[in-house]
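Using the hints, put the two chains back together into the complex; each one sits in its own frame.
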Amino acid sequence: MRPEAVSKDAGCVRHWLAPALLIALLALAPAAPAANDPPTLTKIESQVMCPVCGTLLQLAESPQAQREKAFIARLISEGRSEGQIKDALVAEYGNEVLALPQGSGFSLSAYVVPIVAFLVAAVALGFGVMRWRRAGGGGPPDEGRRTPCGPTGEDAERLEADLARYDL
Amino acid sequence: MLGVLAVVGLLVFGLVSKGSSGVALGEAAPDSPLPRLEGGGAGSLADYQGRWVLVNFWASWCVPCRQEAPALEEFQRGHGGPRFTVLGIDSRDLSDDGREFVRRYGLSYPQLRDGDGDAAHNFGTTGVPENFLIDPAGKVRLLLRGPVTAEYLRDSVAPMLPEEKS
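If you read the sequences in order, they're chains A and B.
Residue numbering for the first sequence follows this note's numbering, starting at 1 and increasing by one per position.
Residue numbering for the second sequence follows this note's numbering, starting at 1 and increasing by one per position.
Only chain B is shown next, with the shape it has when bound in the complex (with noise of 0.2 Å):
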């Protein structure tokens, strides 16, 4: 009896500690210090508290990563600054490779390293690249399973962001 019950509860455990995770929309983005990619030191979104951040999951050996970097960049130099920015976190990857990849594609926004996964885990996704809007109260507004384009961030992204006084 005592043997059936501790299989139960293995069983149990198991399925408890394999439960569901990641976010959805409206929910608060998971948030845990990872390593900066570059320049040693950890980050996290609590660094940028009060700002927009699109987080962006890549990883340099994935080819849609490599489509979306340009307009992320490009978005980032049109919209970065104290109110928004892109925050990449290289996921599962070499941190060499990360390295070259950001110096190749001239990425100016900032990079973290996720290279066991547990953040991207944490966040639900399902593969690289993942895109998620976070508001300045760290909920998730927009949530993206595959590359952006320069069109969606044009049109879904930018709406959101508070305008740039000038």
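So here's chain A without its partners, still in its complex pose (with noise of 0.2 Å):
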């Protein structure tokens, strides 16, 4: 291959390909303002599980979610922190008291897994992307090498005669 046409290949990549790496890097960027935020009994309540009910707390109103509810209210009121309040309750009702998986141990795989997947699948594609361009994909077969951004020949003087006609 050419340099040229692995530089217009480059060129194509990169004009989907930075918009990609944005969007996976603002669906990995942590959300570090909220975690800062003082609990409340509402956010907490959609984070823990009422372990007799097997629902999260939020919808559950039997007495031992009553119980729970308040337990957690007292720990508020003495000023802990979201990571306390959910460590004691774990010491009290154990690890299944938690709505969302822990973030470490075997526990952490399933936040890992899915970033993992999403970004082997992203550079496959990328890879996929660029080997369909390289084999002239999309173009004109005697051009296909050599296929630029955007559409070629006749169909770039079609479309130039079209935005003419539409031209104010």
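Source of the hints: derived by calculation from the structure; they are not laboratory data.
Computed from a prediction, not measured in an experiment: that's the story for all the values here.
What follows is a list of derived Cβ distance ranges for each label pair: (1) B:A150 x A:K43: 43 to 51 Å; (2) A:G94 x B:A46: 17 to 25 Å; (3) A:N95 x B:G41: 18 to 26 Å; (4) B:N122 x A:G128: 48 to 56 Å; (5) A:Y111 x B:R154: 51 to 59 Å; (6) A:V112 x B:E151: 54 to 62 Å; (7) A:V113 x B:G81: 52 to 60 Å; (8) B:R154 x A:G79: 45 to 53 Å; (9) B:A46 x A:V112: 36 to 44 Å; (10) B:H121 x A:E78: 28 to 36 Å; (11) A:S109 x B:E163: 57 to 65 Å.
All C-beta atoms, glycine included, are put in the ideal place defined by N, C-alpha and C.
Structure (structure tokens):
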């Protein structure tokens, strides 16, 4: 392959790769400001379970759930952090009280596997598109290796003509 | 093909791991160490090997548990000793609430804590209270899914216990 063709392919890939990477970074960015907010009952109820009911605490109204909510409210009034409250709940009810997997040990895989899978899929898609472009996909057969971004040849002329008609 | 096998394998694993738990009459009672509700340390059924044990699953938020507690305490005072004990297991409950419950009803029999409900699950309980009479060999001899009454303890449990030698 000539350097010119490689350069054009790389340019095309850059066009979609940059937004894709930006989206990926935004998706992976930690919600740091939210983690520093003071805990509220409403927030914690949505992150822990009612062990007896098997539902989120915020959906539960059983006597056990009422006691659990009172326990959380008391810890909040004592100034405990969200992490300390969750630790206290785990000490009382075990790990299953957490609605979200823990960020350590085997449970960490619940967070890591989707991210790794996303990155692998993104890289695979990138390589796939590059190979497709090199193979001349989407362009006229005779100009496949030189296909720039956007329409070429007759398509480009027709597009220019259409745009000229609408040129105010 | 491999994907289909993986999915089927996961389904089978899920069914097996969710499989039925619990005990039936005549079966060995499940036993694993649990923290004591008061005083620290751990305890288990094995601590009472050679005794009849009435295992009582309860929780402080459970209304029927409050109703049966006086009858259990009275039965313990009448029959507790080297041949028999009631063993309370406070399940899926806050430890402070559990200790307050023990104080309020003046319960003198030993109490263990089953915060995550694993022991209750192993016994196959569907709620609280539930009661299991375990013989000295560790086999389940009586099973009551619900609160005991003084009448039940007198008519069903007491006749199974060895007579006290005076």
